[in-house]
Structures are given as C-alpha cells and as structure tokens.
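So the chains spell out like this:
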Amino acid sequence: MSVTACREQDRESVHPNTFPLTISHLHWFTSAGVSFARGLNDAPKMVALLLATSQLSGRAAGSSLWAYLLITFGMLAGSLAAGRRVTTVLAAKITAIGHREGFIASLITALLVGPGAALGLPMSTTHVASGGIIGVGLHKNRQINWHTVKEMILAWVVTLPAAALLGIVVYELLRAASVA
Amino acid sequence: MRVFTAVLFMALASALFARTVQDNQSQTLNGYLVDVMCGAKHASEGAAFGSQYTKKCLNMPACVQSGYALLTADNHLLHFDSKGNEQATKLIAATDREKRFPLCCGDGQHVRQRSPRSRYCSELGSSGGYDSGSGGLGRLATRYGLPVSTTHAIVGSVVGVTTIAYGFAGMRWDVLSAKVALPLLFSPFASLILTSAALRTWNRISPLSAPDCLCAEVIKTPVALATATSTLDVLLNTLLG
Numbered sequence: 108m109s110v111t112a113c114r115e116q117d118r119e120s121v122h123p124n125t126f127p128l129t130i131s132h133l134h135w136f137t138s139a140g141v142s143f144a145r146g147l148n149d150a151p152k153m154v155a156l157l158l159a160t161s162q163l164s165g166r167a168a169g170s171s172l173w174a175y176l177l178i179t180f181g182m183l184a185g186s187l188a189a190g191r192r193v194t195t196v197l198a199a200k201i202t203a204i205g206h207r208e209g210f211i212a213s214l215i216t217a218l219l220v221g222p223g224a225a226l227g228l229p230m231s232t233t234h235v236a237s238g239g240i241i242g243v244g245l246h247k248n249r250q251i252n253w254h255t256v257k258e259m260i261l262a263w264v265v266t267l268p269a270a271a272l273l274g275i276v277v278y279e280l281l282r283a284a285s286v287a
Numbered sequence: 673m674r675v676f677t678a679v680l681f682m683a684l685a686s687a688l689f690a691r692t693v694q695d696n697q698s699q700t701l702n703g704y705l706v707d708v709m710c711g712a713k714h715a716s717e718g719a720a721f722g723s724q725y726t727k728k729c730l731n732m733p734a735c736v737q738s739g740y741a742l743l744t745a746d747n748h749l750l751h752f753d754s755k756g757n758e759q760a761t762k763l764i765a766a767t768d769r770e771k772r773f774p775l776c777c778g779d780g781q782h783v784r785q786r787s788p789r790s791r792y793c794s795e796l797g798s799s800g801g802y803d804s805g806s807g808g809l810g811r812l813a814t815r816y817g818l819p820v821s822t823t824h825a826i827v828g829s830v831v832g833v834t835t836i837a838y839g840f841a842g843m844r845w846d847v848l849s850a851k852v853a854l855p856l857l858f859s860p861f862a863s864l865i866l867t868s869a870a871l872r873t874w875n876r877i878s879p880l881s882a883p884d885c886l887c888a889e890v891i892k893t894p895v896a897l898a899t900a901t902s903t904l905d906v907l908l909n910t911l912l913g
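The listed protein sequences derive, respectively, from chains A and B.
Sequential numbering of the first sequence, starting at 108, is according to my numbering.
Sequential numbering of the second sequence, starting at 673, is according to my numbering.
Derived by calculation from the structure, the hints in this document are not laboratory data.
Every residue gets a Cβ at the ideal spot worked out from N, C-alpha and C, and that includes glycine.
Warning: the hint list may mix true and false statements.
To be verified - Covered, in the sense of this in silico footprint (three residues per stretch, anywhere, with C-beta under 8 Å from a C-beta of chain B), are these stretches of chain A:
#1 130-142
#2 173-179
#3 206-212
#4 223-236
#5 267-275
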C-alpha cells in the first residue's frame with residue numbers, strides 16, 4: 108500500500124463529522140475581523156502623524172485619502188516582504204494553536220481592538236493578538252514556550268525607549284542639517 | 673538631556689545584548705512527527721499533513737528506513753539524527769495513539785508532561801541532523817521575527833521628539849497616560865483573560881478531546897544535547913518503565 112493511499116484512507120476515518128471544517132472556515136472570518144480592526148485602530152495613527160506634521164510644518168495638509176492609500180500600500184508591502192517571520196513566531200513558536208483556539212483568539216482581538224478604535228483608545232493589535240495567543244497556551248495547561256514569550260516581552264519593553272531614542276536622533280540630525 | 677539619552681541608549685544596548693545571549697541558546701520548535709520520506713513529499717502541506725499522520729504510516733518499512741523528522745507549521749522538515757530516530761522509534765512503539773503526533777516542548781529544563789492526558793514525553797535531540805539542504809533549522813533559527821507594536825513605536829517616537837522639541841511641559845502627560853498608556857498597557861491582559869475564559873467556557877459546552885503531547889527539542893550544541901539526553905533518559909525510564 109502506498110503511503111498516499113494510507114493517508115487518504117485514514118483521513119476518512121479521522122473526519123467522521125464536519126465540525127472542524129466549519130470552525131476552520133469561521134476562523135477565516137475572525138482573522139479578517141482582526142485585519143479590519145487593525146485597519147480601524149492602527150492606520151489612523153499613521154495618517155494622524157502624517158497630517159499633523161504637515162500642518163505643524165506650515166505646509167498643506169494634503170488629502171487624508173492619499174495618506175490612507177499610501178499607508179495601506181506600505182502595510183501590504185511590509186507584510187508581503189517580511190511578515191512571515193512574525194507570523195511564524197505567533198503561529199508556531201508560542202503554543203500550538205488549533206482552529207478553535209485561533210477562532211476565539213482572533214474574535215477576542217477583533218472585539219477589543221475594533222471598539223477601542225471607535226472609542227478613540229489606541230491599542231496595539233500586535234499586543235492584543237499576542238495576549239490572546241498566550242491565553243490559548245494558558246488554557247491548554249500552560250503549554251507555552253516561555254522562552255519565546257520572554258523575548259517578545261523584552262522586544263515590547265524596548266520598543267518605546269528605542270523609538271524615542273531613534274526619533275530624537277533623527278530629529279537632531281535633521282535640525283543640524285537645516286541649520287547648516 | 674544627556675542623562676535621558678544615556679538611559680535610553682543603555683536600555684537599547686542591554687536589550688540587544690540579551691537578545692545576542694538568547695540567540696546562542698537552544699532552539700525549540702513545534703510541529704508534528706513524520707517520517708522523512710513522506711514528510712519530504714508533503715512538506716508544503718505543513719501542519720495539515722502532520723496533524724493527520726498516523727502510526728500506521730510511521731511504521732511502514734520504507735518510512736522507518738527513511739528516518740524521522742519534525743514537520744513544522746511553516747512547512748520546514750527538520751531531520752532527526754540517529755539519537756533522535758532511536759527515541760522516536762521508542763515513542764511510536766510505546767504509544768497507543770493511532771494518529772497525530774504533535775511535538776511541542778520548551779527548553780531542556782522545561783521538559784515535562786504538558787497535560788494530565790499526556791502519557792509519553794520525549795525529547796528528540798538533534799545536534800546537526802536537521803535538513804540544511806531545504807533551509808531547515810540553521811536558517812530558521814536566524815530568521816527571528818519578534819512581533820513589535822507599531823503603535824508603541826509611534827508613541828515612543830512622538831514622545832521622544834516632542835519632549836526634545838517643545839520641552840517636558842510640551843507633552844500633555846495626563847492625556848498620554850489616560851488615553852494612550854492605559855489602553856496600551858491593559859488591552860493585552862484583557863485579551864489573555866478573555867481568550868482563556870472563552871475557551872474554557874466553550875470546551876465546557878462542547879468538549880474537544882485534548883491531544884496527548886509528545887515533546888521534542890532540537891538543540892544546537894553538543895553540550896546542551898548531552899544534558900538534554902540525560903534528562904530524557906531519566907524521563908523515559910520514569911514514563912515508560
């Protein structure tokens with residue numbers, strides 16, 4: 108018997124009902140919900156930064172539509188270029204996630220981040236989604252790769268000061284250049 | 673200003689140092705136990721293939737002869753070395769499971785039974801038996817992708833630049849803490865608690881049989897392998913009698 112035949116035969120006995128298939132389909136919808144919530148909550152921050160700095164510099168603010176399109180394109184390009192690395196960490200290195208767990212984690216993320224945007228509360232989709240995934244691991248008898256979680260939290264802690272430092276450095280460089 | 677910059681620089685430097693130290697430690701991966709022959713043919717299917725792989729297939733002569741491997745969720749097939757194959761064979765012989773052999777384990781010191789339903793726990797050491805040809809562990813380990821929040825980066829840079837440009841009083845710290853810092857700080861915890869609670873409720877309403885968990889660790893250094901192997905021997909003797 109070939110291995111392929113063996114596998115197909117087993118699949119028939121493995122899926123006596125269609126429940127996992129239904130959840131796997133619903134999971135696509137909640138994942139799309141997270142993307143939508145991310146668009147609601149994250150894109151406006153970048154647009155606000157772009158338009159606010161345009162106004163402060165005394166130049167024309169420009170169209171917010173163009174700003175949104177530019178940022179949308181940037182997010183798409185970034186995801187395609189290097190997004191898979193982050194996906195690997197979240198999907199496979201923290202804990203093993205089935206469709207049921209993924210469905211719930213995505214649903215909770217979308218339900219927190221989406222209304223947060225409506226209330227004007229900036230939230231990090233990354234942190235909320237990561238919190239959900241760690242919640243999945245805690246639910247599964249703490250099956251969590253704490254080594255990866257520690258690295259992730261370290262990166263989170265460093266983000267704020269590192270971004271502040273880089274912002275200051277670039278600002279000082281630009282100021283020095285304009286003075287010169 | 674100089675003190676402020678120095679503190680930020682030290683935070684960044686210490687974080688980078690910590691990251692470098694961690695890079696030299698063991699690499700832990702999640703995936704499914706498959707054999708090399710079938711795993712290579714179906715590697716592109718990743719977890720969809722691995723999660724349905726059966727004991728019957730693992731025991732086929734051609735499969736046994738090809739050796740065993742870890743098929744990760746991102747479609748990498750990492751071959752086990754002779755020690756790993758030996759331990760995989762022991763596991764397959766000892767388990768009464770018929771299908772689905774998830775390999776999920778933390779660092780060497782965290783090797784343990786992951787759930788009350790777990791009956792077998794093993795550690796498949798591989799000091800260099802991974803598939804470097806198909807871009808296995810070597811490249812996988814270097815491809816770090818820690819999820820960093822763009823929101824935090826924006827907030828950090830805005831706060832940094834504003835403080836320098838307009839002075840400390842130029843920031844509306846009350847608005848920043850109430851409208852920005854609090855939601856950012858508490859939302860991950862809210863997500864963690866709500867997700868865990870929702871899963872608990874759902875599983876109470878509609879129980880899902882939890883899979884037994886086999887544990888695997890791919891370790892890069894011979895020293896770490898020796899330590900892990902001795903841990904495993906004790907563990908296997910305890911578990912399998």
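Structure-based check of all given hints:
1. 130-142: Not satisfied, violated; 0 residues make the cut.
2. 173-179: Since three or more residues must qualify, the claim that chain B covers the segment 173-179 of chain A is violated, with 0 doing so at under 8 Å.
3. 206-212: Answer holds; 4 residues pass the 8 Å Cβ test.
4. 223-236: holds (count 11)
5. 267-275: holds (count 9)
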